[in-house]
Amino acid sequence: MNKIKLSSSIQTAVLLAAIVIVLAGVKAASAVLVPFFLSVFIAIICNPILKSMVSYRIPKGVAISSIIVFVVLAGMWLANLVGKAVNDFSAQMPLYQQQLAEKFSGFSTTLAQYDLPVSIEQITQYFDPGAAMGIVSTILGGFGGVMANFFLILLTVIFILAEADSLPKKLHLALDDPDMRMAQIDKFLSSVNQYIAIKTMVSMATGIIIGLALWAIKLDYWVLWGVLAFLLNYIPNIGSIIAALPAVLLALVQLGPAGAGGVAALYAVVNVVMGNAVEPRFLGKGLGLSTLVIFLSLIFWGWLLGTVGMLLSVPLTMIVKIGLESSESSKWIALLLGGDVATSDSSPTINIDNVLAGGEVSSDAKKLAKKD
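Here the sequence shown stands for residues 0 to 371, numbered as in numbering that gives the first Met the number 0.
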């Protein structure tokens, strides 16, 4: 039979139609897919711990059971603390909104003394402090709704961890020519595991530092702000602003303008140090995603998967980008998702992400390293 050759425009139209159909299916099945994605995310975080325990000749079943028990106990303890803080914060929300309105009213009066008449209605028209503080309840409420399926998520994590070692082999066997693509699969899985594990450790350190610092200055609900900083640290640049805003506004009410400025400075310093010093040391220079792509991925995954999609927007986009980089035919799409492209006359550099993921170092980079 003669094969029908489609024009490039028809192929593009068919591809776009297929993407729309797949996205519609994902959105329709988000109630099932979101717990699954969260299970995969938790399993990837726990997998390095499992490997470490198995390397010390601890039976795999015992290791998995120990990890699950720890996750359950830590989750229950954290859910109790955060749940109590969210309930108390929600109960106090009307009072905080009233106090914020009074603060902004005083700010409006001060501006009027300098011939800058700005009414409180004009300020709240563009910036509603009550809504900014209410973002905490919205994010954690949506996340808590997903965690209602905790038992299902826990079972999925157990099965994923039990089959983690056999997954690469299954992927190799599923390909037509596993020998040709083996390096690409290993690189993809290694890069995803490494990114999510290290990002989680950095986010955890960020949340702990901010939480303890806010506890030291006696800001209310410091556990809540620490957890929020941990969760939103998965969203670079934008996430730190969203996490800081409610805490700064509460500090304005509780500690005054100087205290609010101190809290804002705390968030800025911690995120700058973690984002520009600690994280690049382990993940390479930057995330490899442009700021525009990060912002659009936040909107896209949030629309597709809800609150959990927003929190996992950058890890999910990074997984897509790593997958695109694993194939020569799709590298151009990964390039579009990436950040700044080095100019041709710049000196060669060593790609840390590629090295840590088991990739090759270019010959020019090797020569540069020898000279240094």
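If you're looking for bench data, these hints aren't it; they were derived computationally from the structure.
Predicted model only: the values in this text are computed from it and were never measured.
Don't be surprised by glycine CBs; every beta carbon is placed ideally from N, CA and C.
Careful, some of the hints might be misleading.
[As the list claims (entries may be wrong)] What follows is a set of in silico ranges between Cβ atoms, one per label pair, in the way DEER data are often shown:
(1) V272 - I237: 28 to 36 Å
(2) I237 - L334: 35 to 43 Å
(3) S7 - S65: 48 to 56 Å
(4) F158 - Q253: 18 to 26 Å
(5) F158 - G82: 52 to 60 Å
(6) P58 - W302: 37 to 45 Å
Okay, the hints, checked on the actual structure:
For V272 and I237, the Cβ-Cβ distance of about 18 Å falls outside the hinted range of 28 to 36 Å, so the restraint is violated. The supplied range of 35 to 43 Å is broken by I237 and L334, whose beta-carbon atoms lie about 23 Å from each other. A hinted range of 48 to 56 Å for the beta carbons of S7 and S65 is consistent with their spacing of about 55 Å. Look at F158 against Q253: about 46 Å separates their beta carbons, and that is not inside 18 to 26 Å.
Between F158 and G82 the Cβ separation comes to about 28 Å, which falls outside the hinted range of 52 to 60 Å. Distance hint check: the CB atoms of P58 and W302 are about 44 Å apart, consistent with the given range 37 to 45 Å.
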